[in-house]
Amino acid sequence: MFAWSDLLAGFGTAITPMNLLWCFIGSVLGTFVGVLPGVGPTPAIAMLLPITSYLGPTPAIIMLAGIYYGSQYGGSTTSILLNMPGEISSVPTCLDGYQLAKQGRAGPALAMAAISSFFAGTFSLVGLTFFAPPLAEVALKFTPTEYVGLMVLALAVVVNLSGKSLTKGLISAGFGLLFTAIGMDSITGEQRMTFGNLNLLNGFDFVVAAIGLFALSEILASVEEEVGQISVMKIGKLMPTLRELKDNLMAMIRATLLGFGLGMLPGVSPAVTAFIAYDTEKRFSKHPEKFGTGVLEGVTAPEGANNSATSGGFVPLFAFGLPSSSAMAMLLGALMIYGLQPGPIMWQQNPHFIWTIIASMYIGNAMLLVLNLPLVGMWAKVCEIPYSILAPTVLIFCVIGAFSVRGNIFDLWVALIFGLVGYAMKKLGYPPAPMLLCMILGDRLESSFRQSLVLSGGSLRIFVTRPITATLLALAVILTAASLVARRRASAPAVLVEVDPNY
Amino acid sequence: MRREDLVMAVLCLATSAVVLVQSVPRYFNDRGSLGSGAYPCYIALLLAICGVSIFTQWFRGNRKTDAPPFFPSGRGGKLLICTAGSMVAHRLATDFLGFGLASLLFMIYLMRLLGNHRWWVTLALSFLFVGLVSYTFREWLYMDLPRGFLGY
Amino acid sequence: MSRILGKKRMVLMVALALGAVALLLTAGSSPAAQYPTRPITMIVPYAAGGGSDLSARLIAVYAAKKFGKPVNVVNVVGASGITATMQMLGASPDGYTLMIDGTSNTSFLAASRTDLPFKLEDRTWLGRWIGDPMYYMYGASTPFKNLKEAMDFAKSKPEDYAWGAGAQGSQSMFHGLSLLDDAGIDPMKTKMLVFPEGMAPSVQAVLAGTVMHAGAMATDVAKLLPTGKVKVLGVATFERTKQYPDVPTAKEQGFSNSTLLSWYGLSAPKGFAPEAMEAWTKLAQEAAKDVEFQAMAEKQNKPLSFMGPKEHLEYVLSESKNITVLAVKVGLRK
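Chains as they are written, first to last, in this note's numbering: chain A, 34 to 536; chain B, 4 to 155; chain C, -3 to 330.
Where hints are given, some of them may not hold.
Claimed, not checked - Taking beta-carbon pairs under 8 Å as the criterion, some of the chain A residues facing chain C (in silico):
#: 1; residue: Thr176
#: 2; residue: Ile220
#: 3; residue: Gly222
#: 4; residue: Gly229
#: 5; residue: Leu231
#: 6; residue: Pro299
#: 7; residue: Gly325
#: 8; residue: Gly354
#: 9; residue: Gly366
#: 10; residue: Met369
#: 11; residue: Pro377
#: 12; residue: Ile378
#: 13; residue: Gly440
#: 14; residue: Lys460
#: 15; residue: Leu488
Hints are computed from structural coordinates only; laboratory data are not their basis.
Cβ atoms here follow ideal geometry from the backbone N, Cα and C, with glycine treated the same way.
With the sequences and hints as input, model every part of the structure.
Written out as structure tokens, the structure is:
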């Protein structure tokens, strides 16, 4: 399917001034949208769809695609600076990124996020360029049973996110799973645990919960600590050192592969991909216990993964016209407005269009790197804004963000309550990440599990007989066991010390 | 574990009980396959086990108390309660006054509470920020932020 | 009083004034002479990119052009469309909020549930715009050559027949249910796979070989038929479609009750402003004659099928009644 001449021709079209302009506009808009909590690429694309009917299909799709991968660049900014995930796929970035900001290292964190995003975004495009059709076939082989395997594997990540007390991590995860069960059951339509309250019919949206659990709780905690500004220490260097870049190289490679592979699968949220990347990096790291206190790899991995996941998302779209996420579905809609059908027909009749889009994505990623790196200094200054001004402005953005997700005023209460819950959890040492991860995974896990049982006629053996599922489940068990052993070993020295005092 | 964790353990067990009561009758659906109650049942089980685990750890003497006290106290505590209260007030005021006015009052209050600015600065920044944000989101991004009886 | 120097105070005053002006500009205005005087909101009860969403956008773009004011499509997802419906019903009937309706969130929803917080008649119906037929899509490797063969197999071994039903109570589900019911099979004995996200994943499941068939719209057929991975064995309409005249209807093949038009229309809160009502009715009439609009609809594989408000409501109510019978019969409705 691939010929160098096709790609070069694509670049030729992508470099025309008109296309470059719209690539730039899309990327910038995407970054802006990514920075705002709650507002994501999907509503932005939706809002701009009518305008695109005045452009031709090529600049329109170039711009919309730019919004999509641009938003994954922007999402990390507020995650690092304010513990407020701009995009749900940037939640894991909060874990280490915000700690780095508090230590005055917001600059290197932001820069590393941009560099990793560029690396992963660009190299994953190589996968899209060369391997799209055969990979799409693999993606198709994922039935509900395989999804159960994948979701269980993602759950294994929870153990690693639990911090010092496994019990507390499990409680956080358990409540997260419970929150997804509240509302209308998607398969039977029955109401679960809504206690007759119509507002709860819809359950909780995890973006709204993320705003509460991460951003609002952090503000409450900071107010109590009477912080004057976010960064306690003076803002240091703005760029990571060469040594740090070298250390992060493997992390970027791993994130690229992982993100691209998982991004191809329809329905796997980029947030889940980012969490898995974070967890994987922690396992490969020589100092895993430092994750969560401000480790640069903890920013590199999720940020790279969420960008390569966007390229992965284009694989089923271009190969079969199947959208792997709601933003992709909107892009598909935009294509259809022009009467373009992505899939084999397009490869046959209009391959130049696809190559132009792919070429523009390479260009867009480069543009975003050039845009974002100089801005690092400006963003890092946010850490020096007096908290008395920063706090109310961030809170107002959170309100807007929470409202924008579903247009639902009740969500503002949800965000607020999750904020208070998050604050309490912080005080008591319960990690919020497992709760959020489970809220993202829960629905999919449950519906895939029930679908699998329908397929198997009620027997559980289907999870063992299907090869991919069995592999995923076995991997989940192995990883969980490895994490538990590592935890035991990490706390063992403390036990020995306690035994010794009588000496 | 601290005393507050025991409260958490009780919460876990109570939630578990409520969920089980709601879900066990719906464990199977009318056709005999797994119904809508199955999944919550297992979660309830997990929470119950965790609750029991906290109790076990407490009784085994694991009573580290190096963490800061839970209830807010001192000036920081007062700031926290006022901030949280203002967030609730903002939420309620939005229904009545609309997003624009409520946010304006909210920002003015918080700037006075948390900082030491002169009135001019507080008012100017609040008006500017809330005005720009309202304009951007309502007019350019077509977001229908809630309006109150005055239309703001 | 403050000790701010004159210049700084000027800057602050300007900032204050700017902000106040910006805030003032956003104040809600009251409707004036010529409708519409400000942007209109069109609520979509399902996720972006789906059937209702794309239909809504097709209409919205046209309306925006004709009205000269933006028509913003807003997705309010949740609870099988109940959330969006409640939001629309609770909105002001001043003419600036409407909703796109489809079978899934009206007649079929009312048929499959007894606990709806609203009644179908309690809204202003604005008529129908689109009539999208649903096809029976099978994987290319199925051994069946037509629907009859497929149903014969399902009758003999229902527990081996897996099919994709889309969301609970959706048209995709009833599409399959009515076929099975017509063939004399108890659908509850088959492997009905519910996909909460809607039709898209159930179509993907056909590609993956997980299910034997799923309901698909013209857009899905147009997209997937050329890949050679699917076969279309029937369509659930009264007559063969213009797009795919080779596909026999389910009725022809002996399944007389399986005629399902997936229509899309508009509705608004009760007591919708008369000038708005008139404007939208006129718009529909114009659209029916507008060649450009028809070409656009054809490009997007959305067959147009207009029906006025009163007849459309009657159609919906009778459809709801018929489907309720089916729903009770197969045990979907308690």
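Evaluation of the provided hints:
| no. | hint | result |
| --- | --- | --- |
| 1 | Thr176 | holds (4 Å) |
| 2 | Ile220 | holds (5 Å) |
| 3 | Gly222 | holds (5 Å) |
| 4 | Gly229 | violated (11 Å) |
| 5 | Leu231 | holds (7 Å) |
| 6 | Pro299 | holds (6 Å) |
| 7 | Gly325 | violated (33 Å) |
| 8 | Gly354 | holds (4 Å) |
| 9 | Gly366 | holds (5 Å) |
| 10 | Met369 | holds (5 Å) |
| 11 | Pro377 | holds (5 Å) |
| 12 | Ile378 | holds (5 Å) |
| 13 | Gly440 | holds (6 Å) |
| 14 | Lys460 | violated (33 Å) |
| 15 | Leu488 | holds (6 Å) |
Hint violations for this structure: numbers 4, 7 and 14, all remaining hints satisfied.
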